[in-house]
Amino acid sequence: MNTVARARAEPGGDADGVIEFRGVHYALPGGQALLRDVNFVVHRGETLVLLGRSGAGKTTALKLINRLLEPTGGEVQVDGRATLAWDPIALRRHIGYVIQETGLFPHYTVGRNVAVVPRLERKSAPHVRERVKELLSLVGLDPASYLERYPHELSGGQRQRVGVARALAADPPILLMDEPFGALDPLTRAEVREEFQALQKRLGKTIVIVTHDTSEALLLGTRIALFEAGELRGIYSPRDFLASSEPVAAAYAEQLRRLAQFERGT
Amino acid sequence: MNVIEYFQRHPDEILQATIEHMWLVGIAMLIAVAVGVPLGILVARRPWLSKPILGSANVAETIPSLALLGFLLPVPWLGDRAARLAIAALALYALLPIIRNTAAGIASVDPAVREAARGMGMTPRQILFKVELPLSVSTVLAGVRVATVLTIGIATIAAAIGAGGLGEYIFRGLAMVNNSLILAGAIPAALLALGADFFLSVLERWLRPVR
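From first to last, the protein sequence lines are chains A and B.
For reference, each letter of the first sequence is one residue, going 39 to 304 in the working numbering.
For reference, each letter of the second sequence is one residue, going 87 to 297 in the working numbering.
Worth double-checking, as some hints may not be accurate.
Sample of chain A residues with no beta-carbon within 10 Å of chain B, all distances over it, derived [unchecked claim]:
1. Gly93
2. Ala128
3. Arg131
4. Glu139
5. Glu168
6. Arg169
7. Glu172
8. Leu185
9. Gly201
10. Leu257
The following label-pair restraints were derived from C-beta to C-beta distances [to be verified]:
11. B/Gly112 with A/Ala71: 25 to 33 Å
12. B/Arg170 with A/Glu186: 46 to 54 Å
13. A/Gly111 with B/Trp163: 50 to 58 Å
14. B/Phe285 with A/Gln70: 51 to 59 Å
15. A/Arg167 with B/Arg170: 49 to 57 Å
16. B/Phe157 with A/Gly93: 50 to 58 Å
17. A/Pro126 with B/Trp134: 50 to 58 Å
18. B/Val121 with A/Pro276: 53 to 61 Å
19. B/Lys137 with A/Gly242: 51 to 59 Å
The hints are simulated quantities; they were obtained by calculation from the structure and are not laboratory data.
Treat the numbers as computed from the prediction; the structure is a model and nothing was measured.
Note that beta-carbon positions come from the ideal geometry of N, C-alpha and C, so glycine has one too.
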């Protein structure tokens, strides 16, 4: 076991904390540990990016928040209450969830896909219809031409937008996104990402995004949580991240610098 | 006397036998679907149950149909009426394709779709009825189609225990070495199988979730 200093986050009981990890461990039934002693707080209205390479444990951490996984040690709190004390259905309806493959229901039209959660919550039909139109416009899709289409008739970028609209449908205060732009080509990716930034400013949600893309982390995150081999190595502001001497963070920063050098042609 | 003449002379009788046949198959299929689909869901949910359940259904499938009818004869309530007995045996035969296809259909649902459903706060019940079953309906129906065609054929043997149906003609024809009589049972049975196959394949295509 290496003894790299674990980034101890702010002390517990943070009044502004919407999500809090307290000494969280997660191990597979076979005993393999995917997360070890993870501590951090996500503040109201911020966008925390979980950055790390594949298998670093960032997606595991994300799924612990909406209780798709349950911690094997420590606890995860949402709104000051341990996830295990929440009714899992209520917890998940309180949290929007966007994944890379979008997971849109192939047998539902775009309109019905976006309407899933409001309908589960038994909102009135006219209310749901209005809300769906509003959301599609919000993510830049014209309701008139997209409502009745099926997911397989859309491009990757359009599907991703529908995925975001669906996650926002019940107006959850928290949004979790797992590689939301990962499956898109670079140009579409930049486009959707920019739109998302604008959206983020307008909505003021508390957002946790998983990515392995450094530039994405720097662009979208108010803070960056760096994961490596199941441990949280530190939490940085984008500026601090680039200046950090922590070896893994430095490696990411170095990567970006090389890219910049290439652009400048030096 | 050739077949055509026979059909012309006894249309009511043949129609009667055909209806009887359809009734046997219809009830057996209703039971098989009512039992097979839940079992298929169970197999998809609890993979460790797949061996015992599919295994048993497989064994039932391998028992020769005449022997199966014989085995069921001493069973108390079932043995009282020939039709009852025949329906039970037919349902047992129809089970395997239905269980197998239901399990396969549910297993083939994209894991991302299932995870998204869970992440959105759908209950396991809602995931089953709103996502998994609608997405596997055409696979399930394909199993029902195979089972129906199979059952229409096997149902002719039910006549051996006096359960009626088109098998009556076949057995009578065999006993009397009369080909026309055999055909009077075999042709309507074949047409029935073709008709059911066609009807169910149309239904299958119509219910396919993503067109």
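Legend entry - Hints violated by the structure (listed by number, smallest first): As far as the earlier hints go, 2, 3, 4, 9, 11 and 17 are violated by this structure, in ascending order.
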